[in-house]
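Here is how the chains run, residue by residue.
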Amino acid sequence: MIKPFTILNQLEEIGGTMVTFKLVYNTRTENQIQSKTIKTAIKVPTGYDIDEYIFNYAKEHGWIL
Amino acid sequence: MDFMIEKMICDGETRIAYEKSDSEFSNLLAVIENTFGEQQTNLWLSISNPHYNPVFDDSTIAVKFHTKPAYAVSLENEPQHVGRKFALNKQWVYDKFYYITSRELCELPYPNSAYPLAIGIYENIYGQPGDSDLSAYKCLYFSCNDHNEVENWCGETLPQGEISTYYAATFLNNECIRVKTYCYDDENELLSAWEVIWLQHAKKLGMSTEM
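Sequences listed follow chains A and B, in order. Quick note: the first sequence uses our numbering, first residue 1, plus one each step. Quick note: the second sequence uses our numbering, first residue 1001, plus one each step.
Check each hint, because a few of them may be wrong.
Stated by the list, open to error - From the derived model, a few chain A residues whose C-beta atoms are all more than 10 Å from chain B:
| no. | residue |
| --- | --- |
| 1 | Pro4 |
| 2 | Leu11 |
| 3 | Met18 |
| 4 | Ile33 |
| 5 | Gly47 |
Stated by the list, open to error - In silico DSSO-like pairs for lysine-lysine, Cα to Cα no more than 27 Å straight-line:
| no. | chain 1 | residue 1 | chain 2 | residue 2 |
| --- | --- | --- | --- | --- |
| 6 | A | Lys59 | B | Lys1204 |
| 7 | A | Lys3 | B | Lys1204 |
| 8 | A | Lys36 | B | Lys1090 |
Just so you know, the hints here were simulated from the structure itself, not pulled from any lab data. In this text, a Cβ means the ideal position worked out from N, Cα and C, and glycines have one as well.
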């Protein structure tokens, strides 16, 4: 199983886990498709599967096709 | 107008890949979306007609990408090309990674005078349905100037293209379970010269380009 993102850090907080992750995504500029890397952090609320939450978050943002 | 980019024949069944400008592309996309929901096709080069694939033991539609999905670029072992397989009844989705190979690198068996060009493996990507480990399956794509030799090697009569013919053998645990023949009848077909594609990648990877 290949994950289209890499978790870099997890920090337990009240109400959830602050997760830092990076992923490469495609972007189109003037008919050219390029790859860009994004590194960001989101708080995954307690009770949610971290991988699933990040996957859905990335998909909603159009980073995963 | 017909925008067929590839014709693959295996076990008497023909798989044709249609590029985006072909009306058949839309029809086949509708078949995929009917089962798997809406698809982002920005990176897709072609869609094939449904055909039996023994790896999935299912009717399968094959998609070729013109640009690798972003996740593949960040992999430690980055493939040179990526495709996607939609197993229609099982409702599985697997990506296929293609890695350039050569006589020096290839450990799979092939006819004596053949040139191994690429190896394909199946990968399940997080978020895509399909829970079987398909790592025991590998496809070896190769060229061979002696068509008879390939036929003797696999013990089958194989078709030939008018312009060029290439081959792929599917292995399960290193045992050949089928041979696919890729027939090109028009030199303008995008994929009609596999050696050219191989050379481009081999140069990028710093591999020996002697064939």
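Going down the list of hints, with the structure as the test:
1. Pro4: Check fails; 3 Å does not lie beyond 10 Å.
2. Leu11: holds (22 Å)
3. Met18: Holds, since 21 Å exceeds 10 Å.
4. Ile33: Per Cβ check, A:Ile33 is inside 10 Å of chain B; nearest 5 Å; violated.
5. Gly47: holds (20 Å)
6. A:Lys59 <-> B:Lys1204: violated (31 Å)
7. A:Lys3 <-> B:Lys1204: holds (26 Å)
8. A:Lys36 <-> B:Lys1090: violated (34 Å)
Hint compliance for this structure: hints 1, 4, 6 and 8 are not met, and every other hint is.
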